[in-house]
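Undergrad: Since the structure of chain S is already known, use the hints to place chain U on it.
Number of protein chains: 2
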Amino acid sequence: MAKRGVIIVAGGSGSRMQSSLPKQFMILGGEPVVARTINTFAEALPGAEIVVVLPQEHIALWKNLAARFDVAVHKCVAGGKERFDSVKCGIEALSPEVEYVAIHDGVRALVSKRLIINAMLKIESVEALIPVVDAVDSYRVVEGEESEVISRSKLRIVQTPQLFRADTLRRAYAQEYNPRFTDDATVVEGLGVKITLIEGERSNIKLTTPEDMIYAEAMLRQSEN
Amino acid sequence: MAKRGVIIVAGGSGSRMQSSLPKQFMILGGEPVVARTINTFAEALPGAEIVVVLPQEHIALWKNLAARFDVAVHKCVAGGKERFDSVKCGIEALSPEVEYVAIHDGVRALVSKRLIINAMLKIESVEALIPVVDAVDSYRVVEGEESEVISRSKLRIVQTPQLFRADTLRRAYAQEYNPRFTDDATVVEGLGVKITLIEGERSNIKLTTPEDMIYAEAMLRQSEN
Chain S
1 MAKRGVIIVA GGSGSRMQSS LPKQFMILGG EPVVARTINT FAEALPGAEI VVVLPQEHIA
61 LWKNLAARFD VAVHKCVAGG KERFDSVKCG IEALSPEVEY VAIHDGVRAL VSKRLIINAM
121 LKIESVEALI PVVDAVDSYR VVEGEESEVI SRSKLRIVQT PQLFRADTLR RAYAQEYNPR
181 FTDDATVVEG LGVKITLIEG ERSNIKLTTP EDMIYAEAML RQSEN
Chain U
1 MAKRGVIIVA GGSGSRMQSS LPKQFMILGG EPVVARTINT FAEALPGAEI VVVLPQEHIA
61 LWKNLAARFD VAVHKCVAGG KERFDSVKCG IEALSPEVEY VAIHDGVRAL VSKRLIINAM
121 LKIESVEALI PVVDAVDSYR VVEGEESEVI SRSKLRIVQT PQLFRADTLR RAYAQEYNPR
181 FTDDATVVEG LGVKITLIEG ERSNIKLTTP EDMIYAEAML RQSEN
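Which chain is which? The protein sequence lines are S and U, in order. Residues in the first sequence are numbered consecutively from 1, following my numbering. Residues in the second sequence are numbered consecutively from 1, following my numbering.
Calculated directly from the structure, the hints in this document are not laboratory data.
Chain copies aren't distinguished; within one or between two, either way the pair holds.
Straight-line C-alpha distance at most 30 Å; calculated BS3-like pairs for lysine-lysine: (1) K206 / K113; (2) K154 / K81; (3) K113 / K154; (4) K3 / K206; (5) K194 / K81; (6) K194 / K154; (7) K206 / K81; (8) K206 / K154; (9) K63 / K75; (10) K154 / K122.
Chain S with its partners taken away, still in its complex shape:
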């Protein structure tokens, strides 16, 4: 079986969460957010290598927390200045024999095993794929004092995990950093690689605000019933 790798990027500072504890460490359904994320990937992809990338200053805190909860086996590495640098550290921590890599936001702890498994199967036939969901709201693009409507029917909300062939990913992250690199897909696009879109999950949100945590707790309670 192809060797698989997972990079979980948990680098946020928690300023939007109005909490001194970075949001990836907040307790959700009885365990830290990032622990839930790690465990979901470990259950979905038995045998996969899991690397968690954290800011240097949070590594001791995380090791302390992880020792007190049931967290699947993972490697923990320090990230860099930009998300680009952090993912690069994650890639370097993977074994060279890894063939397919999933990169995931640590705070998207509600991702389902089903989405992870489906994406991992699909990546064997494409070079790069990302989950997206339809936009249900209306949107405007602002330009200084002006703003104009943008057609919702063409807009998709991008999620993670984003999956890549490992060789493609390594080549992509050998490029010089460019501010246009807003996620992993845009880095890989820098090589001219086509990004395949698959159907994501409405509930697979980034937990960034206190309201998001309330939603996440409610979703977990419902899925346990």
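TA: Leaving out everything else, chain U in the frame of chain S:
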């Protein structure tokens, strides 16, 4: 004091909710969604005229429901084919002396009184205003088989209530229908009127899926504690 009007548009069919009951009638925190919306506006704007626009086939159902709950005084009118037609019916149902009008999605039942009051004060100094919130996700624009990233920093998510000077609104809705009219602001923009953006609320979502209802219940429980 200036005479104010509120048009609550409750026209959805509920197909996305996987429920035979249209989503505006689902029970949220002990009362139908649209009842909560009506009551929030009635409390925020004492003395305002409230018109609820419903599909013709739901009017009897709503009157039956409304009689069994505590719902503030409102007029109920039948809508039309497109949202444009429904809002037009709502405008026609308002008294001619109304000077400022707020138009709101019936399923945005989590809107706060504070947002409504702030918007109503602000509309006395501008012609048209809409609440928006920052986009926290990444977005792509799809074009056939291709897709490309759009800069999140310039993107805003549009909400309701959208507020207008009544005379501007009446002129706007005298225009012929155009498929570019995706919300009330775009109709008013058809006159060349500038739309002012104000800060909306992350929790002021459109209740369109079962997950949204779970979120809404959790938000209500939290605000009651």
